Amino acid sequence: MYEHETSSFPNLKRLWLASYTLRAFPDFLKYKSSLKFLDLSSNQISGPIPNWICSFDYMVILNVSHNFLTDFEGPIQNLSSNLLKLDLHSNHIQGHAPTSFKNAIYLDYSSNRFISINLKRNWQSHPFFIFFSLFQIIILMEQSMNPFVTFQVLEHLIFLIIASMTPYQFV
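Reminder that position 63 of the sequence shown reads as 168 in our numbering, one-by-one numbering, no gaps.
Just so you know, nobody snuck in bad clues.
Quick list of simulated restraints, FRET-style, between CB atoms:
hint	residue 1	residue 2	range
1	Ser113	Gly200	31 to 37 Å
2	Gln199	Arg119	26 to 32 Å
3	Thr126	Lys207	31 to 37 Å
4	Tyr136	Arg218	28 to 34 Å
5	Pro180	Ser124	29 to 35 Å
6	Ile220	Asn116	39 to 45 Å
Calculated directly from the structure, the hints in this document are not laboratory data. Predicted, not measured: the structure shown is a model, and the values here were computed from it. Even for Gly, the Cβ is constructed at its ideal location relative to N, Cα and C.
Take the sequences, apply the hints, and build the full model.
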């Protein structure tokens, strides 16, 4: 690694690399932990979302939509607690949809291969948007602690702005 690769723009806060036909996450991003906004949408990035992107303490907006991402390289509970917007739509991400973003106000998981989402978190703390379309099924896990035990509970979420969940069934 050359010194100039890590020292260029040490205070970089916002980076738009959308529609550049990137095939991988650029390596230099590993050293840009001060990023607050990162847009890598509409590229050709494939494979897992790397661990290092999940450890950026100041990340507020992360958009990796319209790529060929398949999963997360490791546990994602370390993603910035400052994250407000996470856009993963139109990828090939499999498994359980992440829900550990306590301050997020916009989560777009649509058009992926997620099989479930755990809706036990407190979604009522502030206004939010969440998009689920094209899930195989929405599974309400740990129902004893779940605010969504019955569909009628949705009417009590006074801060819920949009919950796009049709045409899928709840179990």
